[in-house]
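Knowing the structure of chain A, use the given hints to seat chain B on it.
The primary structure of each chain is shown beneath.
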Amino acid sequence: MTAVLLARLQFAFTISVHIIFPAFTIGLSAFIATLLILWRRTGRDHYHRLARFWTKIFAVSFAMGVVSGIPMSYEFGSNWSRFSEVAGNVIGPLVGYEVLTAFFLEATFLGVLLFGWKRTPPWLQATAAVLVALGTAMSAFWILSANSWMQTPAGHVMRNGVAYPVDWLAIIFNPSFPYRLLHMLTAAYLTTSLVVLAVGARYLLAGAFKEEAHTMMRMGVGMLAILGPVQLLLGDQHGLNTLEHQPAKIAAMEAHWHDTGPMDLVLFALPDQRARVNRAEIAIPHLGSLILTHDWNGRVPSLEDFPADAQPRVPIIFFAFRTMVGIGLFLIALGLTGAVLWLKRRLFTARWYLRTADWAWPLGFVAILAGWITTENGRQPYVIYGILRTHDATSPIAASTLAASLTGFVLVYGCVFSIGVYYIRKMIRHGPKGAAVASAATGHDLPNQPLASARESTRESRSEPPVI
Amino acid sequence: MNELVGAAYWLPLVCGGVIALAIAMYIVLDGFDLGLGILFFFFPRETDRDQMMNSVAPFWDGNETWLILGGTGLFVTFPHAYAVVMPALYVPLIAMLLALVFRGVAFEFRWVAKPHHRKWDIAFAVGSLIATLCQGFMLGGLLGGTKVEQGQFAGGAFDWLTPFTLLCGLGLVVGYTLLAATWLVLKMTGTLERRARRMARVLLIGMLAFIVVVSVWTPLQFERIGARWFAWPNILFLSPVPAATALFAWACWRGLARSRFIFSPFYSAVMLFVIAYIGLVISTYPYIVPPSITVWDAAAAPSSQRFVLIGIAILLPFILGYTIFVYYTFRGKVRADEGYH
Chain A
774 MTAVLLARLQ FAFTISVHII FPAFTIGLSA FIATLLILWR RTGRDHYHRL ARFWTKIFAV
834 SFAMGVVSGI PMSYEFGSNW SRFSEVAGNV IGPLVGYEVL TAFFLEATFL GVLLFGWKRT
894 PPWLQATAAV LVALGTAMSA FWILSANSWM QTPAGHVMRN GVAYPVDWLA IIFNPSFPYR
954 LLHMLTAAYL TTSLVVLAVG ARYLLAGAFK EEAHTMMRMG VGMLAILGPV QLLLGDQHGL
1014 NTLEHQPAKI AAMEAHWHDT GPMDLVLFAL PDQRARVNRA EIAIPHLGSL ILTHDWNGRV
1074 PSLEDFPADA QPRVPIIFFA FRTMVGIGLF LIALGLTGAV LWLKRRLFTA RWYLRTADWA
1134 WPLGFVAILA GWITTENGRQ PYVIYGILRT HDATSPIAAS TLAASLTGFV LVYGCVFSIG
1194 VYYIRKMIRH GPKGAAVASA ATGHDLPNQP LASARESTRE SRSEPPVI
Chain B
407 MNELVGAAYW LPLVCGGVIA LAIAMYIVLD GFDLGLGILF FFFPRETDRD QMMNSVAPFW
467 DGNETWLILG GTGLFVTFPH AYAVVMPALY VPLIAMLLAL VFRGVAFEFR WVAKPHHRKW
527 DIAFAVGSLI ATLCQGFMLG GLLGGTKVEQ GQFAGGAFDW LTPFTLLCGL GLVVGYTLLA
587 ATWLVLKMTG TLERRARRMA RVLLIGMLAF IVVVSVWTPL QFERIGARWF AWPNILFLSP
647 VPAATALFAW ACWRGLARSR FIFSPFYSAV MLFVIAYIGL VISTYPYIVP PSITVWDAAA
707 APSSQRFVLI GIAILLPFIL GYTIFVYYTF RGKVRADEGY H
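In order, the protein sequences belong to chains A and B. At position 309 of the first sequence (counting the first as 1) the number is 1082 in my numbering, and the numbers step up by one without a gap. At position 140 of the second sequence (counting the first as 1) the number is 546 in my numbering, and the numbers step up by one without a gap.
Looking at chain A on its own, in the form it has when it is part of the complex (with noise of 0.2 Å):
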């Protein structure tokens, strides 16, 4: 293999890894913050005993986040070092406000979230809560104008090969920027709203944890069915701009090879990148026209328009996209059918619902990770959309060296997410501490009450059976 594809490979499954525990952190903080929120408001303590179960798993998740986070700032050095000198006046800054405006923020206020229940007033901790999931957010803001401005760039001039800026606001507002972030936003909200309901479905399954499996229930629900349908028309948006600014990518995406009337849709098909066609296509003549133009009989732009060195490789962009587009239209009918339920009362008793929800748990970070498949791949053969190409971005590093680094991270990151993971999957399994138990075996429901509140605040040995 080539220096170049190791390179790539490497970086593609640093960041895949990485995106996952972010994705997840976004929303899980803005949730945990509402939790907190509504306790203070209402004074239920179900919403603190939740709070602080999901802020165990948030640690967790962040630390994971963290730790696979570091090797991306210096992974644009080491292996990215032409594309760091090129892009770095641009890009450089950008990247330099997510870690002042987020990151310390989010590192330092989880410090007080995790270890300041005895020490700071509730205010403090509701306080934490919030700023944690605002440096979530603002760390998303920062790292995905980064990204738009290489899909999208703007604002600068080049001299001698090299990005320099003249409008900060221009590259940071890059004309592909506010779709991704809102998208990308959106989709991790989605994302752990339906980790949320997959837990509450579970607990409600094995009859324990009712009170608190009931808001899980709610809120996941809500947020699927209003935030589900406002994700179709972000997506949709920002396809149309994607159409306006990188049309080749979005001919990869439908696998659009030949511009010969209106486009059909492209349902399923092997798009068969040597001889430029798609084998066993099923399509609906027009529709693709009527979705990327807003026109019965728009023209779309193919990918026989730009010149071969230009085109992206159409296969894995083709699966990727529609991975994507099919999952976000599954968890809109899942939010609606659920928001039917909830209208009917049954939300936490029709058992093939909470099933479904159960087994759905991890499609939002697939359907992340496909679309930043599509986006990513749809951009090549560039790093930087029209300016510098991939193959010329990279650090003088023997393909021996960069294949030894990659087997490095693939072992470590294979080994230590995988039992991270393992590890959340077996917090969720004893649930929240101090809930009401109904134990499963028995049937019976317990009172309400605190079934480990003398050692409430130590961190006690996991060794007793899970709840569920």
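To be clear, the hints were calculated from the coordinates, so they are not data collected in a lab. Be aware that a few hints might be false.
[Said to hold, decoys possible] In silico BS3-like links for lysine-lysine, alpha-carbon gap of 25 Å or less: (1) A:Lys-891 to B:Lys-520; (2) A:Lys-983 to A:Lys-1206; (3) B:Lys-739 to A:Lys-891; (4) A:Lys-983 to A:Lys-1199; (5) B:Lys-739 to A:Lys-1199; (6) A:Lys-1206 to B:Lys-553; (7) A:Lys-1117 to A:Lys-1199; (8) B:Lys-520 to A:Lys-1206; (9) A:Lys-891 to A:Lys-1117.
[Stated by the list, open to error] Label pairs and their computed distance ranges (CB to CB): (10) A:Arg-932 to B:Gly-561: 21 to 31 Å; (11) B:Gln-627 to A:Ile-788: 36 to 46 Å; (12) B:Ile-720 to A:Gly-1159: 41 to 51 Å; (13) B:Ala-413 to A:His-1203: 43 to 53 Å; (14) B:Gly-717 to A:Asp-818: 55 to 65 Å.
Since the model is a prediction, treat every value here as computed from it, not as a measurement. We put the CB at the ideal spot given by N, CA and C, even for glycine.
Relative to the frame of chain A, chain B by itself:
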């Protein structure tokens, strides 16, 4: 350098100062929590380890954020230096990042895994040790010089590996462990504190030995460093550096010997680190990638540096403010029941 006037002259200097500050903050703050991991080798009892970890658990995220600020700060203000140094130090850099994964997650995983947490004790200790060694190797590799041709790193994957870098690696291990031992003196009570006191005295002697060796080695090996320190009148202006080292070494020793000494040995150890660090900055100035790239050669566009400096001027006081707030909130000796799991 004389042709550089105005902003083109002072902006890179100010930025260099900020990066140097971020790296100093990182070395001091993450230094003691990496050292704590190394001390795990000497404190096998579970309750001791629980308390040691609790003493840094509220801070470690924030501490490691300074490492991110150091990396991105270099990218932001000196992209050319960033693009040369990171490939040059690729092997120790990646090894450090992977080691930090193990010791970082150990903070959280250890509590969830109980009672099967031994593997995370090992991950914490070994990860901390390897990360520290690699940071020492990177320091030594950077001081030792980087081969640059046509603006790019032009050396091999193991150019950094010399007897001097090995010395730096070991020196940093001893130094971080000293910071951690004096931290335990500050935060712990009873036998843990007493043991930390005894260990810290040995470590202090070790750290001073490394400072002496590096101070003799670098001027002898690198002519420009010798000229910097021993040419007249520099030797006069720079004499406070060894004097202050001696002063804080004495203060640290006294603080370890008597618990009522006015200045906690932890702060003395921190000051020893800060002075040694200032010494290294004096040795390498104005190079950011010795021996060829200066801060002015590597600087980002003035507009980029100015844009970031505005943010730093506004935000750094806040960051320092709430960092101090958190340390203040969790001040004093660690209580046995602290924690959240």
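Each hint tested on the structure:
1. A:Lys-891 to B:Lys-520: holds, 22 Å
2. A:Lys-983 to A:Lys-1206: holds, 13 Å
3. B:Lys-739 to A:Lys-891: holds, 15 Å
4. A:Lys-983 to A:Lys-1199: The given pair, whose Cα atoms are some 19 Å apart, holds under the 25 Å limit.
5. B:Lys-739 to A:Lys-1199: The hint is violated at about 32 Å.
6. A:Lys-1206 to B:Lys-553: violated, 58 Å
7. A:Lys-1117 to A:Lys-1199: violated, 33 Å
8. B:Lys-520 to A:Lys-1206: With a Cα-Cα distance of about 16 Å, the restraint between Lys-520 of chain B and Lys-1206 of chain A holds, given a limit of 25 Å.
9. A:Lys-891 to A:Lys-1117: violated, 42 Å
10. A:Arg-932 to B:Gly-561: 21 to 31 Å: holds, 29 Å
11. B:Gln-627 to A:Ile-788: 36 to 46 Å: With a Cβ separation near 40 Å, Gln-627 of chain B and Ile-788 of chain A satisfy 36 to 46 Å, so the hint holds.
12. B:Ile-720 to A:Gly-1159: 41 to 51 Å: About 34 Å separates the Cβ atoms of Ile-720 of chain B and Gly-1159 of chain A, which means 41 to 51 Å is violated.
13. B:Ala-413 to A:His-1203: 43 to 53 Å: violated, 58 Å
14. B:Gly-717 to A:Asp-818: 55 to 65 Å: violated, 42 Å
Hint violations for this structure: numbers 5, 6, 7, 9, 12, 13, 14, all remaining hints satisfied.
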